[in-house]
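Novice: In my numbering, the protein residues as written are 1 to 78.
What follows is a set of in silico ranges between Cβ atoms, one per label pair, in the way DEER data are often shown:
no. : residue 1 : residue 2 : range
1   : 10        : 54        : 19 to 25 Å
2   : 64        : 29        : 18 to 24 Å
3   : 61        : 8         : 28 to 34 Å
4   : 7         : 57        : 30 to 36 Å
5   : 51        : 7         : 18 to 24 Å
6   : 48        : 27        : 15 to 21 Å
7   : 58        : 6         : 29 to 35 Å
8   : 54        : 5         : 15 to 21 Å
9   : 6         : 66        : 30 to 36 Å
10  : 5         : 61        : 29 to 35 Å
11  : 7         : 35        : 30 to 36 Å
12  : 53        : 29        : 27 to 33 Å
13  : 53        : 8         : 19 to 25 Å
14  : 53        : 32        : 28 to 34 Å
What the hints contain is simulated information worked out from the structure, not anything from laboratory work. Quick reminder that beta carbons are idealized off the backbone N, C-alpha and C, glycines included.
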Amino acid sequence: MYGVPKEEVKDRIAKMLELAGLTHRKDDLVKTYSGGMKRRLALVRSILHDSELLILDEMSLGVDVQSRNLIWNEVRKL
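Could you put together the complete structure from these sequences and hints?
Specialist: Below you can see the structure in the form of structure tokens.
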């Protein structure tokens with residue numbers, strides 16, 4: 001993962017999985033995830049790096065209200 005110090009990688013991944021509500025599925029193959037789960041994973045992957053520019057086009061489309069609120073709160077902190 002570019003831009004992320006090695007000692008922070010595991011912590012960031014754990015935080016993003018928790019944010020997406022996928023901690024319980026962390027060892028499962030992504031192809032076994034539902035469509036909504038894949039969408040939540042894609043959203044948190046986009047904020048995993050310390051990017052200077054983040055383009056979010058319809059980022060919360062297809063995500064339940066609770067997950068959408070959690071993700072938007074996290075994006076606002078950036």
